[in-house]
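Enquirer: Residue strings, one per chain:
Number of protein chains: 2
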Amino acid sequence: MRGFAITASLLLAGCASAPAEVATAPAAPTAPVEAAKPPVALQYLYGSPEAAVAVRATNARIADYGVGRINQRPKDSVVLAAGATMDTPAFEPCGTKPFAAVFDADETLIWNLGPMRYFAEKGTAFDVKVWDQWEKTGAGKAAAMPGSVEMVNKLRAAGITVIANTNRSAANAKGSEDTLRAAGLGEFKHGETLFLMGDDATGSSKDGRRATIASKYCVIILGGDQLGDFSQQFNVKDLPAAQRMALATSAAATALWDKGWFLFPNPVYGPWEKLGWGDAFPSDKQWEPSQ
Amino acid sequence: MRGFAITASLLLAGCASAPAEVATAPAAPTAPVEAAKPPVALQYLYGSPEAAVAVRATNARIADYGVGRINQRPKDSVVLAAGATMDTPAFEPCGTKPFAAVFDADETLIWNLGPMRYFAEKGTAFDVKVWDQWEKTGAGKAAAMPGSVEMVNKLRAAGITVIANTNRSAANAKGSEDTLRAAGLGEFKHGETLFLMGDDATGSSKDGRRATIASKYCVIILGGDQLGDFSQQFNVKDLPAAQRMALATSAAATALWDKGWFLFPNPVYGPWEKLGWGDAFPSDKQWEPSQ
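Taken in sequence, the protein lines are chains V and H.
Heads up: the first sequence begins at 77 in the numbering used here, then just goes up one per residue.
Heads up: the second sequence begins at 77 in the numbering used here, then just goes up one per residue.
Chain V extracted, bound-state conformation (with noise of 0.2 Å):
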């Protein structure tokens, strides 16, 4: 899945009965009638200026953490160390390693604007070879998200190294560095500042090739739009969705957020789509209208 868990719902958010109605209903006598709006979580990330300034505010955020962090050496990088949980977080040593800030890169460096279009508007859900083709292909097609080119730029001229640790494939490194550059974001070179999925044995977790970069650098900020752009610990299997949450919001991981760890919106997709009723609405909430 690349990472993220593009299904259906991305396109058919809350019409889940749509699909049984379709399957079972005689064929339409004409085409499909196209969506005349996109769905809404894609109009708010992509469209409305509610979420441009809550992106531009995180980017801002970024460069002046990053500016000002470099000006006494932390001891440590915030990359938790092997082992290392949020109830007992060890993070790697700095030493005298250069300064580097780790980005995700789909959505949290760049919008995927290209291929998250043709998906809602033909009405089909994530697809895996058409997203292979993007990796390939999508140069010019993907957006610098607002405020990034001025965050990397900030970050690169207070020396710090820009570095993006994405779950794109290895075999499409060409692609994911023209698609980046094409943006505006500057050279990322595969296997120095570009870490991809296939990089090592690990698959879509991204701790070894943190601990990869970690080993080189002094890893001042993590940016990511989910949760396992900071630690694996969070995509552990079948972990509880109350369990996922109270790790998030834990002190130590608190203690993080906007201070090193760096999350941005994205209501497009995410690990977050296996939820159910339940877990989004807790049952003492329920309220009905009387009639």
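In case anyone wonders, no lab produced these hints; they're calculated from the structure.
Identical copies look the same in the list; a pair holds intra-copy or inter-copy alike.
Taking lysine-lysine pairs in the DSS-like style, the calculated list, with each CA pair at most 25 Å apart, reads:
1) Lys230 - Lys151
2) Lys250 - Lys361
3) Lys250 - Lys292
4) Lys230 - Lys265
5) Lys230 - Lys173
6) Lys335 - Lys230
7) Lys198 - Lys350
8) Lys205 - Lys361
9) Lys361 - Lys265
10) Lys198 - Lys361
11) Lys212 - Lys361
12) Lys350 - Lys361
13) Lys173 - Lys265
14) Lys265 - Lys250
15) Lys173 - Lys292
With chain V's structure known, arrange chain H on it following the hints.
Expert: Then chain H, alone, in the frame of chain V:
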């Protein structure tokens, strides 16, 4: 519309073809299939740690900003003066007035879990009559957003008056006072610390109420989930999407975001629901797979 435009798109996000097909197809043999999961925007906002972390961090920033800001009395409120625009920003004066922080209520202080689940689970569009009942009877079924209780408590402890300015109806003042209290957010009193639609003759615009508040307080913080929580100039009728974006990301506005103006993520409903494909996706970013 009570200041927000939840339409059928809330529930039918991305499946605008469904209503047409349902309308013309023969009656389904069984009752409508209930959605197995909430729409993605609701999963994200109300259920995900990703959103909870973003909201908590926003509340933490507000509390830190407020407590720090009053150390040196500002000359001006962050409420724009009558007639001032983002091109020629001018603000209400602080004088020696007491400090206040002004927040929208819905999806800024509280999550409306009761009716949001009801609308989504029943597959119905936003219904003003249901919402009116919710305002009257929702106490106990709305939840304080993550970190909101801690935020208002910190501001109050610092001597900053916490005020809500919401487009809930003045006719339902008691219900809204009860709802905020039951969510753990303390006392809001209509006409003193709770301003509602109907308090003046300007309908859903919050500018008049903001001016009333700023005549009595030095407003150091505005918080909301939509641009109308900061200035009605963002909600001018027929304002083109590109112009709304330009205003919200102008230099004058950027100087305020995170520095007096604080925006909470809300991809569930908002004024951006009218955006079309071309608004959310620039035409030069269109892309299709080769087959």
